[in-house]
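Can you build the whole structure from these sequences, using the hints too?
First to last, the sequence lines map onto chains A and B.
Anchor point for the first sequence: position 324 equals 324 in my numbering, and the numbering is continuous, going up by one each time.
Anchor point for the second sequence: position 99 equals 99 in my numbering, and the numbering is continuous, going up by one each time.
It cannot be assumed that every hint is accurate.
Listed below are the simulated DSS-like cross-link pairs for lysine-lysine, each with C-alpha atoms no more than 27 angstroms apart in a straight line [stated by the list, open to error]:
1) B:LYS100 x A:LYS115
2) A:LYS137 x B:LYS63
3) A:LYS115 x B:LYS59
4) B:LYS54 x A:LYS56
5) A:LYS114 x B:LYS63
6) A:LYS261 x A:LYS317
7) A:LYS9 x A:LYS237
8) B:LYS63 x B:LYS74
9) A:LYS115 x B:LYS54
10) B:LYS59 x A:LYS74
11) A:LYS137 x B:LYS59
12) B:LYS54 x A:LYS74
Covered stretches of chain B, as calculated for chain A (at least 3 residues, CB under 8 angstroms) [unchecked claim]:
13) 146-153
14) 156-164
Bear in mind the hints are in silico, worked out from the structure with no lab data behind them.
Backbone N, C-alpha and C define an ideal beta-carbon position, used for all residues, glycine too.
For reference, the chains in residue letters:
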Amino acid sequence: MDTPLIEFKNVTKSFGPRTVLERVNLQIYEGQVTTIIGLSGSGKSVLLKQIIGLLKPDEGTILFKGKPLATMKKNEKDASLAQISYMFQDNALFDSMTVHENIALPLRETTNLKKAEIDLRVTARIEQSELGDAANKYPSELSGGMQKRAALARALVTDPKIVLFDEPTSGQDPVRKNAILSMIAQYQRTFGFTAVLVSHEIPDVYFISDRILALYDRAIVFQGTPEELEKFDHPFKDEVIQSLEGLQEELTGLYSKRQFKVLYQAQLKRKTDGGTYSVVLFTLEGMDAITASLGYDAAQEARRRMGGYIDKHFGAKGGFSTRRHTNEFVTVLPYSDLTEAESMLKDFIEDFQKEGIRGFWAVAWKKTPSKVSVEFAILAGIAQGQPIMEIGSVIDSAKHQQKEIGRLRCDVRR
Amino acid sequence: MAPNADGQSLMEVEARWPRVLLFTRPFAAIGRAAIRWIGNFGAAAVFLFLAFLKIFRPKQVPKIIQQVYFIGAKSTLIILLVGLFTGMVMCLQSYRALVKVGAEGALGTLLALSLVRELGPVLTAIMIAARAGSAITTEIGIQRISEQIDALDTMRIDPLRYLISPRIAASIISFPLLTALFDLIGIFGGYISGVVLLGANAGTYLHRVQTSMEMKDVTEGFIKAIVFAVIVSTVCCYQGYFAHMRTDSHGAKAVGLATTSAVVISCVLILVADYVVTSLLI
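What follows is the structure, encoded as structure tokens:
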């Protein structure tokens, strides 16, 4: 692997007699979304503040592109740290300044850009963050979600190479949480910065993370992909992940991946009579267009409604579902063969065409300021499996069988 | 713990003879307080030095003007009121005393010199410390505890340059101007009280005000005003900036205590500095 962008080598940090981090080793790679997970008070924010230089390690070395920060010359260190932006847990917006002034502040104070150019850049960020109506309001006049978006816009206005997010979704409802995570993921793809997140939002944060770092008992005990974390055998998994991960995913109301696995094993592995089960895989296609036209909240609301609708329809028939990826839902029907599953899916499609679409477009009506045309498709595929088979291969098979079951197009005109 | 001459630490001595603590503790407390004061004094001096140097950095003028408006212009009304009534009450008290010795003609001299050399700078500084100084400490303290100052650091904006230097510069500009206003309105208050209400001779009063004052007196008043400006702005900014490091409280309470400390310390230091400057200039 390449040289890490940021590397901690045996970093120790104490506050008085309390050691928060002890011989921490970690690597953060360029262009990735890295999420640091751990319980509250475990030192995640301390770790982040050491990267940006707000705190200094008592022992150990922090390397930036392979060079120790501590031994860099002042100019070199300043240039390195200038590439980093930080979004605070409580936003740290200046309460005596408007949203526009807050976002303009770093450009005004650290660059020689003309006022017109600054206004142009700030306005662009405000529009991207869906804060057009709030540009001249003070932070105290905004909702928590809007404050987060303003803080995010301020963190990104200087086009940083690295952005550190300290619990960007704290205190938000499930739709907003996922909207913020989705916004971070999309910005990261668009602008190509390296994102480092501190978050409790398990499993939602897995959908946007390339790497997970697990902080447990003052040290990093795991570094790897979310999939590798699933296979990780350590007390951290029992004590931290299971306590943070709710029984159900907050956004969709569906089971978390872990609970889904437990149910799968409990219900299907017991089938020793050679019985079969069915898997239905749903994919929402074209959600990026929904986000672009109607915004992040509307896209998350659509996902939430889809999850709720799947749960309502198949849950009543003994099925259990989870969200596999951002726009992908999987349902297991433990007592149905392929024919029964196809029949259930047909009922689902009919019902959805009658009732579900109305709920979807209610979101569009609320969010759309003027006439707009939005469209997305729902794909579904069914596969049959046996308990002895790996569920992953059955889901892959369902993916190959996927076809369009509905295309939702709406012309919203006012 | 440093060992004593016999190689025993003080702690070991105290452990062997617990009653020693009764004698050592008060001295230790005084010592700790003295070290804390000296430490704070040194830190505040470095703080002032660094902030002062950053006054002359680019992009500071608009921020200084904004602070002159807050510290100076918005304090005008309170300075006018205090100056007017200070002049009036001084005249009232002095006139009665001067009449008893037949020296009521010296009323203008007494009032003008007292105001310009002493009361003007001192009372102006105390009033600004109470009005603007407390607001400065609270604002900076809240910015500190809500991580706004850390946010400046992360944006590569020097908090000393952005927050502190403009306030120190604005104080240095505003204090002498407000002192001049205080002196003027105080003399006018004396005229109302002495001439209009008590019947002193108007010509004598104005003549004595004009002839008894020398440029040296005015300069002394302005020097004091500048010294007090530096003291008040440094103390108030320093208390707010380090509100999070207070050992006696945290959060909003720390900001409240920092504000109280800022006003009290400013007032005490104004009076101490007044004596020192007067004794140097007299």
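Evaluated hints:
Between B:LYS100 and A:LYS115 the alpha-carbon distance is near 68 angstroms, which puts this suggested pair outside the 27 angstroms criterion. With a CA separation close to 21 angstroms, the supplied pair A:LYS137 and B:LYS63 stays within the 27 angstroms bound. About 13 angstroms separates the Cα atoms of A:LYS115 and B:LYS59, which keeps this hinted pair within 27 angstroms; it holds. Between B:LYS54 and A:LYS56 the CA atoms are separated by roughly 25 angstroms; this keeps the pair inside 27 angstroms, and the hint holds.
Restraint check for A:LYS114 and B:LYS63: the C-alpha separation of about 17 angstroms stays at or below 27 angstroms, so the hint holds. For the suggested pair A:LYS261 and A:LYS317, the alpha carbons sit about 19 angstroms apart, so the restraint of at most 27 angstroms is met. Under the criterion of a C-alpha separation no larger than 27 angstroms, the hint pairing A:LYS9 with A:LYS237 is consistent with the structure, at around 24 angstroms. Restraint check for B:LYS63 and B:LYS74: satisfied, since their Cα atoms lie roughly 16 angstroms apart, inside the 27 angstroms limit.
Proposed proximity of A:LYS115 and B:LYS54 is supported: the alpha carbons are some 23 angstroms apart, at most 27 angstroms. Taking the CA atoms of B:LYS59 and A:LYS74, the gap is near 22 angstroms; set against the 27 angstroms cutoff, the hint holds. Using a Cα cut-off of 27 angstroms, the hinted pair A:LYS137 and B:LYS59 holds, with the two alpha carbons roughly 25 angstroms apart. For the given pair, B:LYS54 sits about 18 angstroms from A:LYS74 by alpha-carbon distance, which is consistent with the 27 angstroms threshold.
Against chain A, the region 146-153 of chain B contributes 6 residues with a C-beta closer than 8 angstroms to a partner C-beta. That satisfies the three-residue criterion, and the hint holds. For the region 156-164 of chain B, the stated coverage by chain A is satisfied: 3 residues place a CB nearer than 8 angstroms to a CB of that chain, which reaches the threshold of 3.
The earlier numbered hint that this structure contradicts is number 1, and it is the only one.
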